[in-house]
Amino acid sequence: MAEHYKPVKYKAWEMTLEERFQEYHPPLSDREAVLEANRCLYCHDAPCMVACPTHIDIPTFIRKIATENPKGSARTILEANLLGATCSRVCPVQELCEGACVMEHDHKPIMIGRLQRYAMDYAQQKNIKFFHQGKPNGYKVAVIGSGPAGLSCAGELAKLGFDVTCYEKNKMAGGLDTYGIVVFREPVEVSLAEVKMVEELGVKMKTGVTVGKDITFKEIVDSNDAVFVGVGLGSVPPMGIPGEDFEGVVDGLDFIAETKTEKLDTIKFGNRICVIGAGNTGIDCATIARRLGSERVTIVYRRSEAEMPAYHFEYLFALGEGVSFMFLTQPVEVVGANGKVEGLKCMRMDLGEPDQSGRRVAVPNPGSEFVIPCDMIITAIGQKKQSDVMNALNEFGVKATHNGYISVDPETNRTDNPKIFAGGDCIRSKGEASTVAAVQDGKIAAAAIHMQLVGIPSPNKKHIEPVLSPVV
Amino acid sequence: MANLEIDFCGIKSPNPFWLASAPPANSAYQVQKAFEQGWGGAVWKTIGAPVLNVCNRYGTIDYKGQKVIGLNNVELISDRPIELNLREIKETKKNFPNHAVIVSVMVESKKEAWQEIVKQVEETGADGFELNFGCPHGMSERGMGSAMGQVPEYTCMVTEWVMEVATKPVIVKLTPNITDIVVPARAAVKGGASALSLINTINSIMGVDLDSFEIKPNVGGKGGHGGYAGHAVKPIALHLLSAVASDSEVQRARLPISGIGGVETWRDAVEFMLLGSTSVQVCTAVMKWGFRIVEDMIDGMSNWMDDKGFKTCDEFIGKSLPRISNFGDFDLGFQTVARINPDKCIHCNLCYIACNDAAHQCIDMKTMRVNGDMAATLQPVVREEDCVGCDLCSKVCPVDDCITMVPIDTGRPHITWNELTKKRPEVLQWDKMEEYRKEANIHIH
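Chains as they are written, first to last, in numbering that gives the first Met the number 0: chain Y, 0 to 471; chain E, 0 to 444.
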């Protein structure tokens with residue numbers, strides 16, 4: 000997407016609040032889509048397809064756009080990825096399919112993400128139902144968490160004839176797709192339409208039900224033939240610095256969720272904001288704040304630009320939105336008065352030796368402290384593990400990785416309890432957490448559950464690995 | 000989902016998509032792989048007379064960044080041993096009993112030779128024959144291929160020879176390299192053919208290299224005419240198909256037609272079928288992308304049929320054929336004028352220059368305020384009273400639905416040229432024509 004990123008001159012005063020929160024990329028027109036699709040070489044054993052974690056047959060879906068068969072195109076996408084509409088909007092395509100496009104080197108890569116969205120929008124607008132609930136096979140599966148991993152697993156299982164119940168603690172299903180993706184990247188309706196599609200496959204969606212509180216893990220494990228855990232991660236952890244309980248210090252994920260669920264003009268935000276953390280969530284918070292109307296938004300990050308975890312295109316996006324960055328800056332204290340935030344005290348850092356992750360560590364410069372005056376601080380320094388879930392699952396023999404994620408066999412996403420499977424961010428002990436990886440986790444688990452209970456490979460198995468020609 | 004099965008003069012096929020007799024249908028490996036990927040049938044690459052091939056067999060037309068808009072070739076009929084071909088045909092039919100396996104044949108113009116090869120092929124269990132009367136290069140110089148197809152008497156004679164011994168349906172494949180394709184089509188009907196297929200490739204030279212002065216394709220410094228195929232030939236194929244399909248003798252004989260020539264997508268296939276093809280044959284698109292294109296052809300056609308409410312192919316085969324007419328039968332009273340939507344106009348002014356230089360000078364550039372924009376822009380506007388409705392401006396406009404041709408009623412009588420000249424033959428004189436124009440409210444500047 001970086002190649003196609005058009006920095007719009009952001010003139011807040013010329014746009015209404017609603018306009019600022021419209022989807023950032025406009026949909027492709029029919030003509031644009033067909034022209035772009037015809038640029039695709041229709042490679043055989045295409046690298047884009049291998050690079051897609053869900054192995055969507057990208058050349059085929061693009062060819063179907065080129066031949067003006069958008070319905071067939073949408074089917075090709077959804078057969079490999081039930082959440083194709085969300086993925087077309089949120090995938091870091093330049094890291095995945097578009098990054099692998101053979102046209103990457105001496106041409107512009109094909110706009111795979113936007114073409115996928117074109118096909119998905121068509122199917123959505125026409126309200127086309129591609130899949131049906133499979134013939135009941137008598138097995139019951141519980142899915143805990145209705146984020147992309149849970150939805151994908153539940154949907155695939157329902158297609159295969161399983162009786163699936165999905166438990167979601169929030170009011171709405173969809174997990175981070177519903178609550179955690181900035182609205183100008185994905186409107187909430189897109190995620191809710193995917194939830195509806197999965198429900199229409201026969202999945203019983205129980206929202207507002209917290210497993211471990213409203214229903215016990217034991218009840219779920221005992222009353223189902225298999226359980227899939229896709230609970231994701233928790234809230235942003237505390238920074239561990241003085242003053243972080245001042246009014247005006249907010250959890251970044253909560254801040255994003257508010258813009259997804261509340262009326263935009265009711266959202267409280269500061270005029271001078273510090274966002275702590277330079278990951279993709281930090282970028283989201285900062286750009287949302289700008290679009291809400293904050294005049295000064297600063298991302299504070301203890302290492303440098305080279306180490307920041309945000310995608311490069313997100314960094315460019317934030318710069319275009321007028322967000323400023325303070326690198327090599329470590330927050331040390333929230334400064335406040337009368338219980339309210341008044342500033343963020345920071346210390347200047349320097350780069351030291353690389354740490355275990357290969358990134359150079361930030362070394363403090365004592366005595367370099369200074370205060371950034373601000374009236375709101377948004378924390379976006381990662382997410383906590385759901386330790387209560389981990390502890391509960393432990394009693395069923397489910398083991399954790401060294402760093403606290405749920406441990407699974409990557410071939411099947413089965414935990415150490417053969418009845419319990421897991422996927423999504425809660426198993427992502429290494430590598431990038433993403434919607435598309437979570438979708439694939441759900442698919443892998445669904446295929447494994449089918450194999451384990453029904454005893455034959457899932458008919459959808461070909462979508463688990465890319466189908467490549469045999470090497471001769 | 001729609002049913003794509005077809006019955007082609009008794010040859011059953013799960014769908015109308017067949018490989019044409021060409022390099023993709025050269026071997027059991029290829030044909031069986033194609034069937035596995037969804038092709039409904041294949042016409043085996045022509046077997047018959049012994050041949051030797053040359054190197055650099057293909058020339059292509061690449062157009063503005065798109066490769067292989069058209070493809071020509073100087074490859075001959077199958078150069079594989081005939082026994083091997085027959086063995087592989089037999090094996091293929093045995094492995095795919097429900098697919099259409101048709102064998103293209105071509106031998107020298109001797110009755111015994113034709114009848115012998117037909118008998119040999121019959122033993123393979125293949126579903127039918129296609130007589131290659133169309134190959135325009137290499138074989139034609141030896142008196143075969145298009146040399147036969149261009150002489151209706153030969154077409155009829157050889158068809159008769161084959162029909163004497165064939166127990167399976169016989170398709171006669173026609174060459175486009177002839178003034179009127181209906182004549183050999185009728186000759187095939189007269190010879191007793193079971194079906195027709197068209198078109199074979201078109202005589203062509205693909206180009207000349209500006210540096211080396213060599214002909215494309217270049218065979219060791221020399222070049223010559225080859226057979227042109229691919230998407231570029233589709234309009235020619237559609238015309239010849241419609242000419243044959245709407246011919247009274249062909250219609251009376253009720254011969255099914257297999258359409259060939261530039262079929263690349265399901266949309267192309269639907270067009271061929273609307274103009275009377277029962278099946279379509281594909282080569283160039285497979286040569287460019289492989290057998291896998293058939294998945295979208297099946298999917299796209301099936302989706303289209305569902306949208307249109309067609310349950311079987313029979314419901315739309317030939318549906319547009321009654322609309323094929325002649326200029327003399329067109330309605331002279333049907334009038335349109337171009338309208339440019341200023342809200343969609345991007346001000347490329349291509350319509351203006353096309354109309355001004357190449358049509359009837361009826362688009363003006365007017366200073367206008369568009370879209371509430373305070374700044375005035377130069378906007379192309381059609382002077383409708385002078386617009387002849389030629390449609391050139393809308394054809395060159397790059398924006399969808401910006402220029403539309405709007406039907407209008409100018410009070411002109413709805414009469415055809417044939418009716419007019421029958422009723423008033425004097426209009427063939429200019430002065431009388433002028434009188435008629437005045438009367439009919441036709442003003443030409």
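Keep in mind that the hints were calculated from the coordinates and are not lab data.
Where a beta carbon is used, it is the ideal one built from N, C-alpha and C, also for glycine.
Fair warning: there could be bad hints in the mix.
[Said to hold, decoys possible] Examples of chain E residues lying across from chain Y (beta carbon under 8 Å, computed):
# : residue
1 : Asp295
2 : Asp298
3 : His346
4 : Trp416
5 : Thr420
6 : Lys422
7 : Pro424
[What the hints assert, rightly or not] From the derived model, a few chain Y residues whose C-beta atoms are all more than 12 Å from chain E:
#  : residue
8  : Thr15
9  : Arg30
10 : Asp56
11 : Lys170
12 : Thr206
13 : Phe312
14 : Glu394
For each hint, the structure was consulted:
1. Hint status for aspartate 295 of chain E: holds, given a least beta-carbon distance of 5 Å to chain Y, under 8 Å.
2. Evaluation of the aspartate 298 of chain E hint against chain Y yields a held restraint, the C-beta minimum of about 4 Å falling below 8 Å.
3. Proximity of histidine 346 of chain E to chain Y is violated relative to the hint, the smallest CB-CB distance being about 17 Å (cut-off 8 Å).
4. For tryptophan 416 of chain E, the suggested interface contact is broken, since its CB lies about 36 Å from the closest CB of chain Y, more than 8 Å.
5. Taken as an interface hint, threonine 420 of chain E does not check out: its beta carbon lies about 42 Å from the nearest beta carbon of chain Y, beyond 8 Å.
6. Because the closest C-beta pair between lysine 422 of chain E and chain Y is about 45 Å apart, greater than 8 Å, the hint is violated.
7. A distance limit of 8 Å between C-beta atoms decides the matter here; for proline 424 of chain E the minimum to chain Y is near 47 Å, and the interface restraint is violated.
8. Distance check for threonine 15 of chain Y against chain E: the nearest CB is about 18 Å away, which clears 12 Å, and the non-interface claim stands.
9. Not every CB of chain E is more than 12 Å from the CB of arginine 30 of chain Y (nearest about 6 Å), against its label as outside the interface.
10. Once the 12 Å rule is applied to beta carbons, aspartate 56 of chain Y is inconsistent with being away from chain E; the minimum gap is 9 Å.
11. With a least CB separation of 37 Å from chain E, lysine 170 of chain Y remains clear of the 12 Å interface cut-off, as annotated.
12. Every Cβ of chain E is farther than 12 Å from the Cβ of threonine 206 of chain Y; the closest lies at roughly 35 Å, confirming the non-interface assignment.
13. The claim that phenylalanine 312 of chain Y is not at the interface with chain E holds, since no C-beta of that chain comes within 12 Å of its own (minimum 27 Å).
14. No Cβ of chain E approaches the Cβ of glutamate 394 of chain Y within 12 Å, the least distance being about 49 Å, so the stated non-interface status holds.
Checked against the numbered hints listed earlier, the structure breaks hints 3, 4, 5, 6, 7, 9, 10; every other hint is satisfied.
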